[in-house]
Amino acid sequence: MTLARSRHPYATFATALALVFLYFPILVLVLNSFNASRYGATWEGWSFQWYRILFSAHSRDIWEALQRSVIVATFASVVSMVLGTGAAWVLHRYRTRLQQAHFGLIYLPIVAPDVLMGISLAIFFVALDVERNLTAITVAHITFCMSYVSLAVLSRLQDFDLSIVDAARDLGANRWKAVWLVIVPLLAPGILAGGLLAFTLSIDDFVITFFVKGVGSDTLPLKIYGMTKHTKEMPVINALSTLLLTFTFAIVWWVQRLPRARAGAA
Amino acid sequence: MSEKASAKKPALHGRYGEWWQTAPSFGWLLFFFAVPTVLIIIMSFRPAGDYGGFAKGWSLKAWIELGHPSYPMIVWRTIWLSLVATVICIGMGLPVGYLLGRAEPKFRAVLLLLVVVPFWTNFLIRVYAWKVLLHPAGFLRHFLISIGVIGDDTLLLYNEWAVLLVMVYAYVPFAILPIYAAAEKFDFSLMDAARDLGASSIQAFWLVFVPGVQRGLMAAVVMVLIPSLGSYVIPELVGGPAGEMIGNKIAQRVFVDRNWPHAAALATLLMLVTLLPVAFAYLQGRRESVPSGEKKGGRP
Numbered sequence: 001m002t003l004a005r006s007r008h009p010y011a012t013f014a015t016a017l018a019l020v021f022l023y024f025p026i027l028v029l030v031l032n033s034f035n036a037s038r039y040g041a042t043w044e045g046w047s048f049q050w051y052r053i054l055f056s057a058h059s060r061d062i063w064e065a066l067q068r069s070v071i072v073a074t075f076a077s078v079v080s081m082v083l084g085t086g087a088a089w090v091l092h093r094y095r096t097r098l099q100q101a102h103f104g105l106i107y108l109p110i111v112a113p114d115v116l117m118g119i120s121l122a123i124f125f126v127a128l129d130v131e132r133n134l135t136a137i138t139v140a141h142i143t144f145c146m147s148y149v150s151l152a153v154l155s156r157l158q159d160f161d162l163s164i165v166d167a168a169r170d171l172g173a174n175r176w177k178a179v180w181l182v183i184v185p186l187l188a189p190g191i192l193a194g195g196l197l198a199f200t201l202s203i204d205d206f207v208i209t210f211f212v213k214g215v216g217s218d219t220l221p222l223k224i225y226g227m228t229k230h231t232k233e234m235p236v237i238n239a240l241s242t243l244l245l246t247f248t249f250a251i252v253w254w255v256q257r258l259p260r261a262r263a264g265a266a
Numbered sequence: 001m002s003e004k005a006s007a008k009k010p011a012l013h014g015r016y017g018e019w020w021q022t023a024p025s026f027g028w029l030l031f032f033f034a035v036p037t038v039l040i041i042i043m044s045f046r047p048a049g050d051y052g053g054f055a056k057g058w059s060l061k062a063w064i065e066l067g068h069p070s071y072p073m074i075v076w077r078t079i080w081l082s083l084v085a086t087v088i089c090i091g092m093g094l095p096v097g098y099l100l101g102r103a104e105p106k107f108r109a110v111l112l113l114l115v116v117v118p119f120w121t122n123f124l125i126r127v128y129a130w131k132v133l134l135h136p137a138g139f140l141r142h143f144l145i146s147i148g149v150i151g152d153d154t155l156l157l158y159n160e161w162a163v164l165l166v167m168v169y170a171y172v173p174f175a176i177l178p179i180y181a182a183a184e185k186f187d188f189s190l191m192d193a194a195r196d197l198g199a200s201s202i203q204a205f206w207l208v209f210v211p212g213v214q215r216g217l218m219a220a221v222v223m224v225l226i227p228s229l230g231s232y233v234i235p236e237l238v239g240g241p242a243g244e245m246i247g248n249k250i251a252q253r254v255f256v257d258r259n260w261p262h263a264a265a266l267a268t269l270l271m272l273v274t275l276l277p278v279a280f281a282y283l284q285g286r287r288e289s290v291p292s293g294e295k296k297g298g299r300p
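If you read the sequences in order, they're chains A and B.
Take the first sequence: its position 97, counting from 1, is numbered 97 in my numbering, and each next residue is one higher.
Take the second sequence: its position 197, counting from 1, is numbered 197 in my numbering, and each next residue is one higher.
It cannot be assumed that every hint is accurate.
Restraint-style ranges between C-beta atoms, simulated for each label pair [what the hints assert, rightly or not]:
{"no.": "1", "chain 1": "B", "residue 1": "LYS61", "chain 2": "A", "residue 2": "ALA127", "range": "14 to 22 Å"}
{"no.": "2", "chain 1": "B", "residue 1": "VAL256", "chain 2": "A", "residue 2": "TRP63", "range": "29 to 37 Å"}
{"no.": "3", "chain 1": "B", "residue 1": "SER201", "chain 2": "A", "residue 2": "LEU27", "range": "41 to 49 Å"}
{"no.": "4", "chain 1": "B", "residue 1": "GLY49", "chain 2": "A", "residue 2": "PHE247", "range": "39 to 47 Å"}
{"no.": "5", "chain 1": "A", "residue 1": "ILE71", "chain 2": "B", "residue 2": "GLY53", "range": "25 to 33 Å"}
{"no.": "6", "chain 1": "A", "residue 1": "TRP63", "chain 2": "B", "residue 2": "SER70", "range": "36 to 44 Å"}
{"no.": "7", "chain 1": "A", "residue 1": "PRO189", "chain 2": "B", "residue 2": "TRP206", "range": "34 to 42 Å"}
{"no.": "8", "chain 1": "B", "residue 1": "VAL38", "chain 2": "A", "residue 2": "ARG97", "range": "35 to 43 Å"}
{"no.": "9", "chain 1": "A", "residue 1": "ASN133", "chain 2": "B", "residue 2": "ILE150", "range": "41 to 49 Å"}
When the alpha-carbon atoms are kept at most 30 Å apart in a straight line, the in silico DSS-like pairs for lysine-lysine are as follows [as the list claims (entries may be wrong)]:
{"no.": "10", "chain 1": "B", "residue 1": "LYS106", "chain 2": "B", "residue 2": "LYS185"}
{"no.": "11", "chain 1": "B", "residue 1": "LYS131", "chain 2": "A", "residue 2": "LYS232"}
{"no.": "12", "chain 1": "A", "residue 1": "LYS229", "chain 2": "B", "residue 2": "LYS131"}
Since the hints were made in silico from the structure, they are not lab data.
The C-beta atom is built at its ideal place from N, Cα and C for all residues, glycine as well.
Produce the entire structure from the sequences given, and follow the hints as far as they go.
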């Protein structure tokens with residue numbers, strides 16, 4: 001759609017500007033990852049040296065941090081999916097005082113600033129004298145992730161006909177069979193969408209982890225933060241970011257294609 | 001829906017079914033969210049320990065220390081930067097949300113993807129990308145000096161404007177998505193009707209579309225304002241001492257002086273500042289009594 005022929009010239013123009021704004025810094029970063037110059041101020045020719053450093057033994061701790069991030073995000077999203085789906089189910093099923101309070105508890109972590117959750121959990125963990133290892137980080141992540149799963153599942157439940165559960169029970173399914181064979185499959189898209197969001201939020205989280213973590217349990221965002229403090233390592237971050245970006249693009253593209261491919265198969 | 005739920009014969013639970021089913025998520029959030037939050041408020045009334053942490057007894061010292069002349073300025077900066085960032089994000093979100101709502105499905109899918117991808121990119125990396133871009137030795141500054149827009153001594157980094165710019169950059173998808181969610185349900189034939197009745201397209205946009213997506217706007221305001229008020233990473237990386245916000249002060253008190261009561265008082269203050277828009281949005285949502293999952297519309 002060209003600008004001149006668009007039916008909404010102003011909106012199209014504003015959107016184009018917004019997209020330039022969104023992608024310009026990312027583009028510069030990607031270009032700089034191939035820039036021979038250490039400071040990225042000027043173009044000094046193509047180079048793959050930053051990628052070479054990234055994959056050398058020198059950068060082993062980056063990959064260890066990535067590994068930790070993936071472990072935390074996996075556990076956090078799985079537990080969030082279980083707790084969040086359960087929460088959405090009862091919130092939808094009952095309209096009681098208890099559920100009003102329950103909904104408040106689900107809603108508030110979403111709107112609470114990260115800094116607040118970070119500092120309160122940090123002080124809480126210190127007060128309880130628990131070791132601030134990967135488990136502590138995972139617990140913190142579950143706390144801010146499960147609400148998102150709940151909301152995703154709740155919106156799926158909106159057009160869910162509760163009477164099919166009664167139907168399943170009438171046809172002889174016991175409680176667990178009704179849950180596993182009827183409710184969970186029907187809610188699966190919501191649960192998965194929520195789980196995916198939880199995974200992204202967890203792997204992306206810096207602030208809460210920063211407050212909660214102890215010594216030696218840096219996740220990837222913390223490692224990147226550490227590197228931004230040293231100008232020497234800047235180009236290596238560019239290279240790492242470019243790889244992560246490519247990976248994100250690939251995943252998003254694949255996820256977007258998923259429903260279409262399935263629709264085509266049906 | 002409630003009629004259905006309260007049907008005589010419950011399908012999935014015994015007498016205490018609701019309690020048992022509510023317990024896991026309720027218990028988790030009570031223990032790891034509500035209790036620590038209350039703990040922070042209590043902590044702000046404790047005296048600071050001699051070697052960091054806190055001591056026994058009660059004290060208002062942490063709160064009195066907030067009267068230090070540097071704080072009102074930081075609180076004020078936090079509020080105005082967040083408000084201006086919210087206004088700019090809404091200003092950008094409106095046309096983009098509008099176009100997303102009107103675009104043909106194929107173009108819409110591509111556009112939506114383009115809006116979402118930066119949002120899926122590591123937050124720290126996006127902020128860092130600006131730090132590189134605005135760097136004193138970076139090409140953007142050299143370019144702006146060479147065309148005479150800024151003087152030789154102007155720094156793009158380490159001031160309030162850098163914080164504002166990056167806040168808008170980081171949070172604008174939070175504004176676009178809820179506005180789009182509302183625009184998708186908006187009946188665009190209303191705008192044609194307005195134009196048939198003599199309104200210009202600009203008038204139709206402001207007087208018909210904008211009020212029509214009001215709920216999306218509300219969600220967008222909350223989604224941008226709250227993280228802005230609680231910013232930590234952005235001012236830390238691009239703000240420097242001249243761009244510090246409440247979040248930075250909290251971290252300094254925790255990590256530098258280890259003065260917990262002081263950090264807790266600052267955190268409580270931030271809580272109060274953010275609670276206002278949340279309470280407003282929550283009441284608004286309850287009043288419209290929409291099914292609970294929907295009114296957040298925000299994050300995908």
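| field | Numbered hints the structure breaks, given as an ascending list | value | 3, 8
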